[in-house]
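Chains as they are written, first to last, in this note's numbering: chain X, 6 to 137; chain U, 117 to 345.
Worth flagging that the hints you see were computed from the coordinates, not collected in a lab. The structure presented is a predicted model; accordingly, all values stated were derived computationally and were not measured. Warning: the hint list may mix true and false statements.
[Claimed, not checked] Cβ-Cβ distance ranges computed for the label pairs, FRET-style: (1) U:Tyr248 with X:Arg104: 32 to 42 Å; (2) U:Phe292 with X:Ile91: 17 to 27 Å; (3) X:Asp100 with U:Val296: 31 to 41 Å; (4) U:Lys310 with X:Ala103: 18 to 28 Å; (5) U:Phe261 with X:Gly22: 28 to 38 Å; (6) X:Gly20 with U:His316: 11 to 21 Å.
[What the hints assert, rightly or not] Coverage of chain X stretches by chain U, computed from C-beta distances (three or more under 8 Å per stretch; other residues unrestricted): (7) 22 to 31; (8) 56 to 63.
Glycine included, C-beta positions come from ideal geometry on N, C-alpha and C.
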Amino acid sequence: MAETTHKEAAHEDHGIGRYVLIWGILLAFTLLTVFTGRMDLGAANIFIALAIATTKATLVVLFFMHLWDTGGVNRLVFVVSVLFAIVLILGVFGDLTARYAPTLPNGGPLPPHSAAGAAEAVEHGMPPIPGH
Amino acid sequence: MSSSKAEPAGGHGHGHALPWYQAHHFDSMEVQNHAVRLGMWLFLGTEVLLFAGLFLGYTVYRWLYHQSFHEASRLLSLPLGTINTIILITSSFTVALGYHAIKVGKQKACVGYLAFTIACAGAFLVIKFFEYKHKFEVGELPGRFFTAYHDFSPLGAKGANLYYAIYFLATGLHAFHVIVGASILAWLMVRVHKGKYGPHHYVPVELGALYWHLVDLVWIFLFPLLYLI
Chain X
6 MAETTHKEAA
16 HEDHGIGRYV
26 LIWGILLAFT
36 LLTVFTGRMD
46 LGAANIFIAL
56 AIATTKATLV
66 VLFFMHLWDT
76 GGVNRLVFVV
86 SVLFAIVLIL
96 GVFGDLTARY
106 APTLPNGGPL
116 PPHSAAGAAE
126 AVEHGMPPIP
136 GH
Chain U
117 MSSSKAEPAG
127 GHGHGHALPW
137 YQAHHFDSME
147 VQNHAVRLGM
157 WLFLGTEVLL
167 FAGLFLGYTV
177 YRWLYHQSFH
187 EASRLLSLPL
197 GTINTIILIT
207 SSFTVALGYH
217 AIKVGKQKAC
227 VGYLAFTIAC
237 AGAFLVIKFF
247 EYKHKFEVGE
257 LPGRFFTAYH
267 DFSPLGAKGA
277 NLYYAIYFLA
287 TGLHAFHVIV
297 GASILAWLMV
307 RVHKGKYGPH
317 HYVPVELGAL
327 YWHLVDLVWI
337 FLFPLLYLI
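Given the sequences, and given the hints that come with them, work out the whole structure.
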């Protein structure tokens, strides 16, 4: 028991300074992502947003959730589940880009305020849109 | 989790007294703590995969209807979204302080930090309620309930209902996690107040805090993907 207490204390004996620092960094990144999110950077926007989000998430996992200190099999479990989530999304994304257009999910009727959409709306018996 | 059946110390024939929070089938608290932490991380792994399904749906529909998604994200309130992000990050910080407090034996401080965290959860849900309320009023809703065609360009209006399907599913599931997380923290707060936890038995607080951090983690991705695209 004495040995246990010693070991447990050893793997995380930092004070609250580390938490305050991470909190400050997370707030700064939040403001940064709001700032870059409203700039028009074209296709780069989503990558910048995801890079900032991933950085924030990594800080939370490592220091608020203590994977920096504990590690071992806990680290393995979490990293593998994140990896499989990425495999899932990349795999489906590959399918999506390879598909024939008619087999893609249809996003619903065309907007009624376009000429083609209005005709389609009548065809499907949709209620008329006010002002049209 | 450790057995909650409070057994009188020494009453189980092991020859040495075990504290009430140590299950008899674990050799030591260290072994027990390893086991419960691994169990929690496995659960968090399944949570990641649960939300991965929603992020996948988001990826597919955004790829197909990116103009709709772009216009729909501009119709969310960025100030409210930013405030909610700051609230969740701050609550994640205070729950970490609560964990630290109980670990060094400051029960009163721990109760305070947990109470503040729960208040943050409440504030988050109130703001989310008003955001939802507005969406219902203007008809920015999923599927055939979507009526806000005039808020969108002709190109963006097709598929905008899919954005709202993802928006309500993802933020709704997340809000449900906020409610569950706050309930767990409230239960822990009462038990800390009763003096059940301390420097030798703090892992339940640690696991509750881990769950709360996951709630924060999911929002860290939902916020830019829904509000800033």
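key: Hint check against the structure, violated hint numbers in rising order   = Hint check: 4 and 5 fail, others pass.
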